[in-house]
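Participant: Chain by chain, the residues:
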Amino acid sequence: MNAAVRQFKEQSRQVSGDLRHRKLIQTALGKYEVKRDEKKAAFQNWQAARQAAAETKWEAINHLDQHLVDLVRRLEARGTIVHWASTGEKACEIILGIVRDRKARSIIKSKAMTAEEIHLNEALEHAGFEVVESDLGEYIVQLRKEAPYHIVFPAMHLTRGEISELFARELGSAPTDNPEELTMIARRALRQKYITADIGITGANFAIAETGMISITENEGNARLTAALPKVMITLLGIEKVLPRLEDLALFLPMLATAGAGQALTCYNSLYGGPRQPGEADGPEQYHVVLMDNRRTELLADAEQRDALHCIRCGACLNVCPIYRNVGGHTYGTTYSGPIGSVITPHLRGLQDWKHLSYASSLCGACTETCPVKIDLHHHLLQNRRNSARQKPSTAEKMAFKIAGVVMNHPWLYATVKKAVRVFQPLHKLVKGTRLDPAYSWTQTRDLPSAPPQSFKEWWKDRAT
Amino acid sequence: MTITLFIPCFVDLMYPKVGISMVHILERLGHKVRCPEEIVCCGQPAFNAGYWDESRAVAGKVLDRLKDAEAVVIASGSCGAMLRVFYPDLFSGTVHSREAKMLAGKCHEFSDFLVNRLGVTDVGARFPARVTFHDGCHGLRELGNKKPARALLAKVRDLEFVEMKDAETCCGFGGTFAAKFPMISTAMGEVKCASAFATGAQYIVSNDSSCLMQVQGLLDRQKSSVKTIHLAEILAQS
Amino acid sequence: MTDREAILARVREALTVTAPKPGNHGGGSHHDPVVSPGPGAARKWLPAVGDTFEEMVALFRANSAELKTDFHLLNNVDELTQTLTRLREAEGWRRIASHNGELARAACETLGLPVCGTDAGYDVNEMEKCDAGVTECDALIAQTGSVLVTSRSAGGRALSVLPPHHVVLACREQLLADLPAAFELIKSKYAPNYPSFISLITGPSRTGDIERILVLGAHGPKKLTVLCL
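Chains as they are written, first to last, in the working numbering: chain A, 1 to 465; chain B, 1 to 238; chain C, 1 to 229.
In short, the hints are calculated from the structure, not lab data.
Honestly, I wouldn't trust all of these hints.
[Stated by the list, open to error] For lysine-lysine, the following DSS-like pairs were computed, each having C-alpha atoms within a straight-line distance of at most 25 Å:
#, chain 1, residue 1, chain 2, residue 2
1, A, LYS31, C, LYS68
2, B, LYS146, B, LYS227
3, B, LYS165, A, LYS9
4, C, LYS44, C, LYS187
5, A, LYS429, B, LYS227
6, A, LYS35, B, LYS146
7, A, LYS461, B, LYS67
8, A, LYS23, B, LYS17
9, B, LYS227, B, LYS155
10, B, LYS165, B, LYS155
11, B, LYS147, B, LYS165
12, B, LYS67, A, LYS429
13, A, LYS429, B, LYS180
14, A, LYS418, A, LYS429
15, A, LYS392, A, LYS9
16, A, LYS9, A, LYS432
17, B, LYS101, C, LYS21
18, A, LYS40, B, LYS147
19, A, LYS398, B, LYS180
20, B, LYS67, A, LYS402
21, A, LYS40, B, LYS146
Computed from a prediction, not measured in an experiment: that's the story for all the values here.
Full structure from sequences and hints, please.
Facilitator: Have a look at this one:
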């Protein structure tokens, strides 16, 4: 068992039995669900919108080369410096290069899952630079030296009490259980950071090929400040974020907000098309866009699962996933958690090391049903299972299914097995729920029904005679 | 019409009453029922575990034995989804591809068959109790069956139906998942039970015996007085 | 080979195999019609907006109320003066930040306070001390209660987000029905020479990062006032 599996098994066992965690997440997501349903209902046709969004993304991803070339040409035309990075290491290197070049002292950062993916903060801090996360949730988890718990709600696992203690310890603020006061403590702490930062780093939600613009969605205004005040702005962008046309945003922005946060539109939806242009009052002197692959092309090469690149990182699949809700975001041990994480992590980080996430699913399909761009999420989990069994089958499992197949295909054998079950059933009572029980994984927490004296097929046969 | 009833292995062994109820209901409606002995398992366990070759070894037989059936009724939403939705995937690119698609078209889960194929919602049942319904995920999302079970329950005399919050949330069974990740599965089951308890229902009804095994297993462990029952068993009561 | 060439080569190699079209499996509805996205197509699926000016104003007003945007439809310049003066007094403004523009200039004159102007460059510490940022805009969007601003129409990037209160000045003709109209406007007004910053502002800055409880004024303005003449 590799470390990732062990960690998942141990932590999932622990968190799923933690009733305090269960209640916290149910309450937090309960509020989200009410708003999400309300905003979905406001659409004239949410299902058609999903189909249109899926088709738009299909077009974008299946002509990715052309869109990337267009995007870059138009970004460069207005003075943006575009860098291409095949790997995460390369992306870190490029960004470190810019930071060193500018002799930067402090860096302000707005939320970027791509940066989490490549451990950019660690790389920058290791090189001696201060990086401050400006999104409130990200700031909180950064102070706790933790990974984000959720791709949209990074600090959903914490209570106000825990946040108050954290702020008191790290920032010296007076304890409070008022979320507004807590928010204002962070606001005050970060204000000067924006003003003094030499470099602002952002992620991106979409990149518009037609006009050469980067679209950033947020609620707090932290990304806007990050893009407005420092002299240098850097955007780290996964190559799959491309949308063909500007007008596509008219659909994608409200869908992202609705699915992701239960809002009609998030507070700020901003487009950045370059550094400060002649005649403009402010903005960075330099704008760098780092276009990163980091094995996205591996996923692209799998036509069956290519639609996983349609993902707009709204987090809706996490929110409806009964696995996510019970094991929590940190248990996955991945940058992208929940159903989408279970689907793509094996592609990004190796199937054999991460296949357990595809098995840790009841395949209920709530994710696929809710996905605003119709990624076939739970079927991809099945495909990951198939691929892993093909690549590296477990001898025991393969043998078990072979034997079961022989039994199922021979009625007399099947009938004999049924009789055997009934014979051994009384013996099971002796070990039930103990470690000696072969069905321990079931009977540890649940009772097992006993087979009645006559099976259906036996009844059917009796009846005919 | 002649209906071929597919009683999956665990229903056969553990829940024969579900199959027997279906036979009675279908016959009462004037149809001829057949249950081929050699059809036992749809091959889903191997399929879900990723062993598609092993799954095909079992599913191939089902395909062969059902190819001449007029209509196939499956006593489980999950196995129904296997035949209707996953056989075409499983056999895609093989010589049986066309057969799999043809079979998919005539397969129905029991409640869907009654309501959408036979146009029946009132089977003359009576069940004096307060009940709530749990949507099995495969029946709900792979087969798109939300309404049939509720339409049937609505016509049962003396039955009081209460919808639970999150009726569509998975109970945590998920086949081998329940054994591979027992604690996650249990947590999901507990959440489901809590939703059902909140309705004050005496019975949790579903059209998937596997979900009911999970829920009943937890209820028994908790020594709860709430019971689970398959939809067909209610419909067979008069 | 550069990274650019390597990435594009991998993309092209991958795309030699076609992916199945979306919507073939699951996802709620099983027989979705294929819809072809195109200009303005989203209008059919997005939340409905009325056709008349009155309906649009009513929707903008309702959205503003939900978003906690303070929206005023004003009938003349006198009402503008009164509203601005009232705000100045109620909040005790001592200095404001603003930019060049007909409406903005009129507002600043009315307020009679020291102004941090952004047009010729500004000191960010000075702007940070301002009580309000007064800007014009490109459009108001009824469908979402949004204000469309750009670095050209609203005095740069920071003016509408740094001060604690953002006051937007708009005129009736700027009220648009929906998001597709907003993007059409951006294109027709600016293409191909787009401003480097374009933003749809939808309510005052907010966060729900602590227990999903709504708090206004996370990093941007705590207050957003829209004055429409």
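Participant: Can you confirm whether the C-alpha distance between LYS461(A) and LYS67(B) stays at or below 25 Å?
Facilitator: Satisfied, since the Cα-Cα distance of roughly 23 Å is no more than 25 Å.
Participant: Taken at face value, is the distance from the CA of LYS165(B) to the CA of LYS147(B) at most 25 Å?
Facilitator: Given pair LYS147(B), LYS165(B) holds - Cα atoms ~16 Å apart, limit 25 Å.
Participant: Are the Cα positions of LYS392(A) and LYS9(A) separated by 25 Å at most?
Facilitator: holds, 21 Å
Participant: Tell me if the straight-line CA distance from LYS165(B) to LYS9(A) falls inside 25 Å.
Facilitator: violated, 29 Å
Participant: Against the 25 Å threshold, does the CA-CA distance of LYS398(A) and LYS180(B) hold or violate the hint?
Facilitator: holds, 16 Å
Participant: Are the Cα positions of LYS44(C) and LYS187(C) separated by 25 Å at most?
Facilitator: holds, 21 Å
Participant: Do the alpha carbons of LYS40(A) and LYS146(B) lie within 25 Å of each other, as the hint requires?
Facilitator: Given pair LYS40(A), LYS146(B) holds - Cα atoms ~20 Å apart, limit 25 Å.
Participant: When you check the alpha-carbon spacing of LYS429(A) and LYS227(B), does it fall within 25 Å?
Facilitator: Holds. LYS429(A) to LYS227(B) sits at ~22 Å (cutoff 25 Å).
Participant: Tell me if the straight-line CA distance from LYS67(B) to LYS402(A) falls inside 25 Å.
Facilitator: Between LYS67(B) and LYS402(A) the Cα gap is close to 24 Å, so the pair holds against 25 Å.
Participant: With the threshold set at 25 Å, check whether the alpha-carbon distance from LYS429(A) to LYS180(B) stays at or below it.
Facilitator: holds, 22 Å
Participant: Taking 25 Å as the top limit, are the C-alpha atoms of LYS418(A) and LYS429(A) close enough?
Facilitator: holds, 17 Å
Participant: Keeping to a limit of 25 Å between CA atoms, is the pair of LYS67(B) and LYS429(A) held or broken?
Facilitator: violated, 42 Å
Against the hints set out earlier in the document, violations occur for numbers 3, 8, 12.
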